[in-house]
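Colleague: From first to last, the protein sequence lines stand for chains G and P.
Read left to right, the first sequence gives residues 1 to 321 (the working numbering).
Read left to right, the second sequence gives residues 1001 to 1336 (the working numbering).
One should not assume that every hint holds.
As the list claims (entries may be wrong) - Covered by chain P, according to a simulated footprint, are these stretches of chain G (three or more residues, beta-carbon under 8 Å): (1) 130-139; (2) 206-219; (3) 230-244.
Stated by the list, open to error - Simulated crosslink set (BS3-like; lysine-lysine; CA at most 25 Å straight-line): (4) G:K293 - G:K243; (5) P:K1132 - G:K25; (6) P:K1311 - P:K1036; (7) G:K269 - G:K293; (8) G:K274 - G:K245; (9) G:K274 - G:K248; (10) G:K168 - G:K249; (11) G:K213 - G:K243; (12) G:K18 - P:K1036; (13) G:K293 - P:K1036; (14) G:K25 - P:K1036; (15) G:K315 - G:K269.
Claimed, not checked - Covered stretches of chain P (in silico footprint by chain G; criterion: 3 or more residues with CB under 8 Å from a CB of chain G, positions within the stretch not fixed): (16) 1088-1095; (17) 1308-1318.
Think of the hints as simulated: they come from the structure by calculation, not from any bench.
Keep in mind it's a predicted model, so treat the numbers as computed, not measured.
Even glycine gets a Cβ: it sits at the ideal position worked out from N, Cα and C.
Chain by chain, the residues run as shown.
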Amino acid sequence: MLETTSVGSFPKPDYLAKARTAHSKGDLDTNGLLALEERATREWIKFQEDIGIDILVHGEMERGDMTTFFAERLTGYGVSGLVRSYGNRYYRKPIIEDVLDRPNAMTVEFYKWSQALTKKPVKGMLTGPYTMCDWSFDEHYASRRDAVLALAEIIHDEVKDLEAAGAKYIQIDEPAISTRPDEIDLAIEAMEIVTSGIKATTISHICYGDFAKIYPRVLSLPVDVLDLEFANSHMTNLEIFRKPKFTKKVSVGVLDVHSHVIESVKEVKEAIMKSLTVFDPEQVWIDPDCGLKTRTPQEAMDKMKVMVEATQQVKRELGLQ
Amino acid sequence: MRERLFETMLVGNQPKIFDDPSRALNLRMARNRLDKGAITAEAFETELRNTIKGTIDDQIAAGMDRVTDGRIRWDDPVTPFAAAHDGFTIGGLIRYFDNNVYYRRPIIDGPIRFVRSAVLDDYRFASGLTDKPVMPSVCGPFSLAKFCVDQSYSGSRALFEDSARLVGGELEALAQAGAEWVQIDEPFLTQSPDEIALAVDTISAAVRRTGIKTLVYTYFGSLGPIADRVWDLPCDAIGADCVTAPGNLEILLRGPKAVGRSFGLFDARSTRMENPRTITQQLEKIAKSGAVDWPKCWITPSAGLEFLPYKNSVAKMRRLGEAVREFEGVQAVQTV
Chain G
1 MLETTSVGSF PKPDYLAKAR TAHSKGDLDT NGLLALEERA TREWIKFQED IGIDILVHGE
61 MERGDMTTFF AERLTGYGVS GLVRSYGNRY YRKPIIEDVL DRPNAMTVEF YKWSQALTKK
121 PVKGMLTGPY TMCDWSFDEH YASRRDAVLA LAEIIHDEVK DLEAAGAKYI QIDEPAISTR
181 PDEIDLAIEA MEIVTSGIKA TTISHICYGD FAKIYPRVLS LPVDVLDLEF ANSHMTNLEI
241 FRKPKFTKKV SVGVLDVHSH VIESVKEVKE AIMKSLTVFD PEQVWIDPDC GLKTRTPQEA
301 MDKMKVMVEA TQQVKRELGL Q
Chain P
1001 MRERLFETML VGNQPKIFDD PSRALNLRMA RNRLDKGAIT AEAFETELRN TIKGTIDDQI
1061 AAGMDRVTDG RIRWDDPVTP FAAAHDGFTI GGLIRYFDNN VYYRRPIIDG PIRFVRSAVL
1121 DDYRFASGLT DKPVMPSVCG PFSLAKFCVD QSYSGSRALF EDSARLVGGE LEALAQAGAE
1181 WVQIDEPFLT QSPDEIALAV DTISAAVRRT GIKTLVYTYF GSLGPIADRV WDLPCDAIGA
1241 DCVTAPGNLE ILLRGPKAVG RSFGLFDARS TRMENPRTIT QQLEKIAKSG AVDWPKCWIT
1301 PSAGLEFLPY KNSVAKMRRL GEAVREFEGV QAVQTV
């Protein structure tokens, strides 16, 4: 009950941010960069263990953004120039230029290496087929459906490989799923392909959209846990899920990842308690709204510590230990 | 009857960074440095104005007949107005329609009042850079109210009336500065068809007595559900995205002769380049529908080109300019 976790990314330490720049300029070789990515991953795994997180993430120190990282590992994709997503945040929106294929597993080696650092479970982290398509330009497939289903087969293979490597929790993020409510059936069909035959606990993260337009249909997304952002809207989104009854587990976002302000323990406790007026304690996991990569490392650590402390206090007060 | 059949122009926001090592401009980096205190606000302002100049240079090079400041200062279509005027605080992130683009949704927590134009300075600056006419733009009063979380008006008509007064202030400021036309963004017109009567009243109140010609542009959605009422809008021209909703082209063709049109024919959200034959067929259709008698007929991208990487945005606007010039050239030869 009230297991704590995080959505995926943590901020890159300054030494890694500088190393990535040096690598992109050819001033640092790939092995040198990998060594620093591993160092930063070890630090984030240790931090999560130290503060008592239940289900860990490896922190995505080896990834730039959640679309391009995978596009660079699939054949058929080209990577284009930068486009802005909000404020001063940009990403290289990839272009589907040919038939997509996965020549090799994309995340399994780093997953295995990360999992070996801890006895606690580490999530396998993937981006879902609907979001991969929606956040790419497509110059090849005849329709969005064709592109989404092609990606679904590829991501299914990756999920199978992660499970075979021992992953007990596999997260397949679909933040774009609320973008076009009229396409939610396509996203569900694609996720059926992705999670077909998988025994691991599956999670899908969805954020910054209009949940009202996809609820309750989104309950048909074939994953075990829906990971949703709430703190950004000051928990007002919760009301959408009061009726009909939420039938899956839910990972409740209680930290605003786009604010420098560190929430107080009291505020986070109130957010958790509010969520328990809508969901049963057995359904609920606690995490930030989204990946914390846009914060400074110190801000991310401070926020996570507050989240764990608030969750522990709630559990004690409600006798949920 | 106009001398030229079409006029080319961009709508919406343009890329803020030039992915080109030969040009020193990089507003993204400058903003990072500003946030870290590594450069002054004045230095950032210089970089921002250099970027506005850059986007205008690109538009001129691509043959745009009317240019825009590219909305380089704007993070999105609504927060510049929420930041400039009274009654708003900036809230949490939310997706911008069906795009992988987000904005901070303003919260209306008091009476909304015009304070100082959010767009006038950049309009004046842009106008000083070129002899070409400059099209300024504002968030429309109906969409301004719809973009925000209302915690002050309880959804009453007073919200829309105050929004109209606020946007009216922006239009008056632009008119006094000599702007001939202004683009009024109303993306919620197609997203909230049930409220078309309220939208018409709100826009009417904003544009009344401002003395500036208005192009209402709708973006992303279909005009179909409001096709019967859209011509009630008291504007001088109406524009729509004819890519996301191809039926918008036919609806625009059916409007009254006295109202100008703006056709968003080039897909601002795809790197795929348009098929020249398809564009030619569309231009022929528009030409045969009496376009020469309308007060204006703009051919534009479907939305702001900032949805594309810089190089693709330039390629797209060049293709737009070439296609229209080529079509008009052929037409002129045939006329001769």
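Colleague: Which of the listed hints are broken here?
Modeller: 4, 5 and 6
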